[in-house]
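Let's have the full structure, built from the sequences with the hints guiding it.
For the sequence shown, the numbering used here begins at 1 and goes up steadily by one.
Since the hints were derived computationally from the structure, they do not count as laboratory data.
Just so you know, these numbers come straight off a predicted model, no measurement behind them.
Hints are supplied without guarantee of correctness; some may be wrong.
[Claimed, not checked] For each label pair, taking beta carbons as the anchor points, the in silico distance ranges come out as:
(1) Gly33 with Glu97: 44 to 50 Å
(2) Gly27 with Ser87: 28 to 34 Å
(3) Val110 with Gly33: 28 to 34 Å
(4) Ala115 with Glu76: 24 to 30 Å
We treat Cβ as the ideally placed atom computed from N, Cα and C, and that holds for glycine.
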Amino acid sequence: MSEPSSNGGPENGGSSTGDGGNGSSAGKQALKGRIDARRRSDLVSGLRRFADRPTSPSRPASKLGTAPASSADADEWCELCGAGLPSDHRHLIHLDERRLLCACETCWSVRSGEAAFR
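Written as structure tokens, this is what we have:
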């Protein structure tokens, strides 16, 4: 038969780490950091209920009133991916080819940081 551990063990309200239930300073800081991160996450999740919901992943809520209802209704097209564009769409300058490209929001945000585009 084994003797009960001196740290009380988890079943007796003690710690299973063998530190007498006191915990290390680094362990407490790590736990505090995880608790703070969870609180921030819960706060952001709670705020999401106030945000506008898009009707589909391809049409963000910020563009619901301006984007064409379908690609067939579009007068202009994204020159990078072929998506239909609203009349107030963005543009990229292709520096190598020295031309202006019509761009959807997604392509503009992805490509605007590349060296070939501005």
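Range first: 44 to 50 Å. Now tell me if the beta carbons of glycine 33 and glutamate 97 are that far apart.
holds (49 Å)
Is it true that the C-beta distance of glycine 27 to serine 87 lies inside 28 to 34 Å, as the hint says?
Once the Cβ atoms are compared, 58 Å apart, the range 28 to 34 Å for serine 87 and glycine 27 is violated.
State, for the Cβ atoms of alanine 115 and glutamate 76, whether the hinted interval 24 to 30 Å holds or is violated.
Cβ of alanine 115 to Cβ of glutamate 76: about 26 Å, so the range 24 to 30 Å holds.
Status of the given 28 to 34 Å range, CB of glycine 33 versus CB of valine 110
holds (32 Å)
Of the numbered hints listed earlier, the single one contradicted by the structure is hint 2.
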